[in-house]
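Asks: For chain A, the structure is supplied; the task is to place chains B and C on it using the hints.
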Amino acid sequence: MLVNLIKKELLIELRSKQILVSMAAFGLSVVLIFAFSFSVSQKILETFAPGLFWVLILFTSVLGLHRLFDYEKEFDAFSLVIGAPVDRGTIYISKWISGWIYLVVAEIIIIPLFVLFLQLRWTQPILPGVGILFLGNSGIMAIGALISGLAMRARMSEVLLPVLLFPLVTPVLIAVTKATTAYLNAQPFVLWQFWVLILASFTVIFGLLGYLLFDHVTEE
Amino acid sequence: MIELLNVTKSFYHKPLFRDLSVQFESGNMSAILGKNGAGKSTLLRIMAGLTAFESGRINVCGTPLKSNNPLSRKAVLYIGHAPGLYPPLSAVENLRIAAMFYGKNYSDSEILDTLSQVGLDRQPDDSIRIYSQGMMQRLKLALAILIPWKVLLFDEPFTGLDEEGRILTESLLKSWQSEDKTIILVVHNHEWAMKHCDHLLVLHDKGIGYDGKSSDAKSENIAAMLQGIA
Amino acid sequence: MTSFFTNKFNKSMLIALIILFMVDVYIIVTNTPMIPQQHWAQKIFYLHVPVAWTAFLSYFFVMVFGIMYLVKKDYRWDRLGQSAAEIGTLFTALVLTTGPIWAKPIWGKPWIWEPRLTTTLILFLVYIGYFMLREFGGHPERVARYAAILGIIAFVDVPIIFLSVKFWTPEIQSHPQVEMAQQPGGILGPFFFSLALFTINWLMMLRFRSHTLNIKQKLLSDHV
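For the record, the sequence lines run as chains A, B and C. The numbering of the first sequence is my numbering, which starts it at 1 and goes up by one. The numbering of the second sequence is my numbering, which starts it at 1 and goes up by one. The numbering of the third sequence is my numbering, which starts it at 1 and goes up by one.
Chain A extracted, bound-state conformation (with noise of 0.2 Å):
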């Protein structure tokens, strides 16, 4: 059932591209800001990097996590997902995936132009560093699932998602973000073990919670 609701998003993504088309135009546009706005040396900017570019990630997956049940509302479908024998934790697992399929890719268009715009200099080996990032977005998209179903049906649902999300999802980014400067100046990664252990267990923590907790989420 898993993979056929993860199928089923994935199709409605296809077909609209609502999600991906205002989240890689969002994170663009904030990498042009970024460019103009920070005539700093580059050792500086070098340093602010990751903390920006993390920044910059989370805000791009709050747009994302917006619309990530903005089809289960329109005309109602959630009504057919939560009344059919599914289990509604997987429905929960179905979004938290899906949304992180949409970050990998939006971060696919992002990184290279946050690169170039910024003329960094990344001479690492990139599979360490994909993992930070598969970790970080999962870290985000755990929690971040979770409060887009609180908030789905709330009144100002678009101020109350990154007000609940922000500090709760404080130490992934304190993590991530010490993680990728530790890997971009390539430190051993004795040294930077624990960020990758504080990212495992919040994910998994949260998407235990989430899933645990999505049955009560779902009723009106």
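No wet-lab data here; the hints were simulated from the structure. We put the CB at the ideal spot given by N, CA and C, even for glycine. Treat each hint with caution, since some may be false.
Simulated restraints, written as ranges between beta carbons of each label pair [said to hold, decoys possible]:
#, chain 1, residue 1, chain 2, residue 2, range
1, A, Arg-15, B, Gly-103, 47 to 53 Å
2, B, Lys-14, C, Ala-196, 29 to 35 Å
3, C, Ala-93, A, Val-55, 54 to 60 Å
4, C, Thr-169, A, Val-55, 16 to 22 Å
5, B, Glu-179, A, Lys-17, 54 to 60 Å
6, A, Ile-109, B, Asp-180, 55 to 61 Å
7, A, Pro-112, C, Ala-93, 42 to 48 Å
Replies: Chains B and C in isolation, oriented as in the chain A frame:
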């Protein structure tokens, strides 16, 4: 068969209905009647497991309805006011996905056959966003044909339909009625309900105004309750 | 539907708490040792730590009441949860006020990213969102569920936030507990007196607030 025991539901802390106990038998077509705001649609959504309620129990074919037990929803199909489908997708895609939620896999030709049965075979690949209300209503019928259910909860099946669609809906309801299934409708026209349904439930004054065979009901009493005179 | 203080026990507890708090202040001012270099600033320790304890106790109970509500689906638990959240946020605001007052003379600046203080700030922000959710979340039957969920995830997040902030700024190490071991005797007695007093006060505040919320609910549901 679906059975409600002492179901209580409040909205903004004001009770919508208190201690509602009703049984809807299989092979019966039932109608829920009541004034606007009496909680007809809410009751339907509660029986589908979409809306939480404060207290009481609901059994669907003997299984208690629980939010954490997906199988307890397997026998029920809820068709609401809204289309309940995904606007960016086509009719065929929507029906395929909806059937998949209920564990059914259909080929495109099977779905197309059903669509032509309800008179929607002209634009099977267009987004359903362009559908009129009547077309949506026919699409919901296709959903009810494709998904295997034992209890059908249908909110206002006749809204926006033309004469042909109306006849189609009635004949489908009749054929399901003869298959020993449970059909529960929310309708506004109580005369229609008295003529076609076996069982009437009138929600009145936060409780039950009438619960029984439609043949035993007095039209004037029902009408009075619906107009708020009684 | 009676006033909270018509109850004799509640009335005598109120009077006792007022007197005991005055005693507490008196002890703190006159009967506790002066810490070298910290002088009067250190006296806020006897309030700051119990206040912080009360805040975290409240938020812990928001989680407990949240779990109880999700299991029992009884609005009493929701109202207790809301009471605890309100008290917790009030005391968190006090922590964020007394913290900088103490920090200024000791660290030289009013705000440093000390893990406890930072975690408190982050929780305060989460609970701003919590009250927004209560306000804008829709009908109260749903809000009760959503608030319970948020109370649970907020408290589960606390240790993760704390750990990540702690290792984010490893150079900041001085927080009350570490200092306490090195401090002269005569501190523990007044400190635990204050702590106990604040805990009893918390219990009474919780009872008072849930009492008024119960009355409000009763008025709302009776007035159709």
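Asks: Taking the hints in turn, state whether each one holds.
Replies: Against the structure, the hints come out as follows:
1. One distance hint, 47 to 53 Å for the beta-carbon pair Arg-15/A and Gly-103/B, is violated here, with the actual separation near 24 Å.
2. Take Lys-14/B and Ala-196/C: their Cβ atoms lie about 43 Å apart, and the range 29 to 35 Å is violated.
3. A C-beta distance of roughly 27 Å is found between Ala-93/C and Val-55/A, which places it outside the suggested range of 54 to 60 Å.
4. At roughly 18 Å, the beta carbons of Thr-169/C and Val-55/A sit within the given window of 16 to 22 Å.
5. Separation of Glu-179/B from Lys-17/A is about 43 Å and departs from the stated range, judged on CB atoms against 54 to 60 Å.
6. Our hint of 55 to 61 Å for Ile-109/A and Asp-180/B holds, since their Cβ atoms are close to 56 Å apart.
7. The beta-carbon spacing between Pro-112/A and Ala-93/C, approximately 45 Å, falls within the hinted interval of 42 to 48 Å.
Violated hints, listed in ascending order, are 1, 2, 3, 5; each of the other numbered hints is respected by the structure.
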